[in-house]
Amino acid sequence: MNVLIVDDSEMTRMVAKKTLKALGIENIHEAADGQIAIELFKANPVDVVFSDWNMPNMSGLELLKEIRAINTTVPVIMITTEGSRGKVMEAIQHGVSDYLVKPFTPVGLREKLAKWVQTTV
Amino acid sequence: MKTAASASLTSQIVNPVISATVDTFSMMLDSSITRTGLGLKRPDTSFYDITAIIGLSGKSAGSFCLSFPATTAYETVHRMLDMEVREITPLVCDTVGEFANVIAGSAKDKLASLELEMGLPNIVHGTGHNVEFPSNSQPMLATFDSEVGPFMLAFGFVERG
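One line per chain: the protein sequences are U and A, in this order. Okay, so the first sequence: first residue is 0 according to numbering that gives the first Met the number 0, each after it adds one. Okay, so the second sequence: first residue is 0 according to numbering that gives the first Met the number 0, each after it adds one.
Check each hint, because a few of them may be wrong.
Here are some chain U residues pointing at chain A (derived, C-beta under 7 Å) [as the list claims (entries may be wrong)]:
hint	residue
1	Ser8
2	Met10
3	Pro55
4	Glu65
5	Ile69
6	Thr71
7	Pro74
8	Thr80
9	Asp97
10	Lys101
Below, a sample of chain U positions facing chain A; criterion: calculated Cβ distance under 7 Å [claimed, not checked]:
hint	residue
11	Met13
12	Asn70
13	Glu81
Hints in this document: simulated from the structure, not taken from any laboratory. Bear in mind that the values here come from a model prediction, so they are computed numbers and not experimental data. Note that CB positions come from ideal geometry on N, CA and C, so glycine has one too.
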């Protein structure tokens with residue numbers, strides 16, 4: 000499985016990577032902003048995207064629109080703080096698949112993967 | 000009168016902020032926290048070594064600050080990432096910023112009536128720094144102890160319009 004993690008927080012990316020590796024997932028691409036994420040998305044097979052909402056330069060919503068212009072089916076899961084949950088409806092209108100509230104737990108991450116990607120994790 | 004209204008607003012924010020802090024430390028670090036002080040922030044209050052500042056605005060506007068001594072930040076990185084750090088690196092600053100982001104996001108959810116929008120965290124570090132709040136706000140300071148060490152929160156809000 001190929002996972003793309005997009006978050007301007009290095010700590011959050013590292014925690015997500017650690018969790019995914021513990022689930023046996025080795026093909027993990029990470030991006031600190033939306034522009035890098037788009038380049039990685041175009042250059043690599045990606046089965047699921049986990050993306051922060053509140054990022055500098057390109058917001059999670061703008062990134063979502065760019066991804067949907069390229070691929071309409073890949074699951075895109077927004078990572079939000081509780082305070083941004085109100086934005087989820089707007090994101091759903093633009094094609095977000097699901098959301099994960101920060102701070103996420105390994106169980107929460109695994110549940111989202113199991114829901115959206117055919118996996119044995 | 001405006002200062003009194005701002006003081007009332009800031010005190011209304013205390014419980015949601017503290018509750019969000021308790022939840023965040025429990026979820027992210029599996030750590031309980033103990034409040035060691037709560038009161039008005041004095042103009043000469045020094046913050047700890049690393050402070051994350053987040054602006055919020057909506058029906059009111061203000062700032063939320065989370066400040067860690069370096070040792071608390073190092074232990075937080077150790078617990079989160081199983082990494083030993085002994086200097087203030089971008090990762091250490093990012094970690095304090097992300098904690099502030101999660102606490103402010105959770106508090107914002109509990110203060111839905113204020114319709115706050117949240118900015119990105121800015122980080123200040125250095126010994127003995129201070130953060131100024133608007134003169135018509137009455138910022139509050141809360142100090143805590145935790146399994147990763149002491150830390151403090153400061154926040155001040157003013158009504159808009």
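To see whether the hints hold, each was checked on the structure:
no. : hint   : result
1   : Ser8   : 4 Å, holds
2   : Met10  : 4 Å, holds
3   : Pro55  : 6 Å, holds
4   : Glu65  : 20 Å, violated
5   : Ile69  : 26 Å, violated
6   : Thr71  : 29 Å, violated
7   : Pro74  : 23 Å, violated
8   : Thr80  : 2 Å, holds
9   : Asp97  : 18 Å, violated
10  : Lys101 : 5 Å, holds
11  : Met13  : 5 Å, holds
12  : Asn70  : 28 Å, violated
13  : Glu81  : 4 Å, holds
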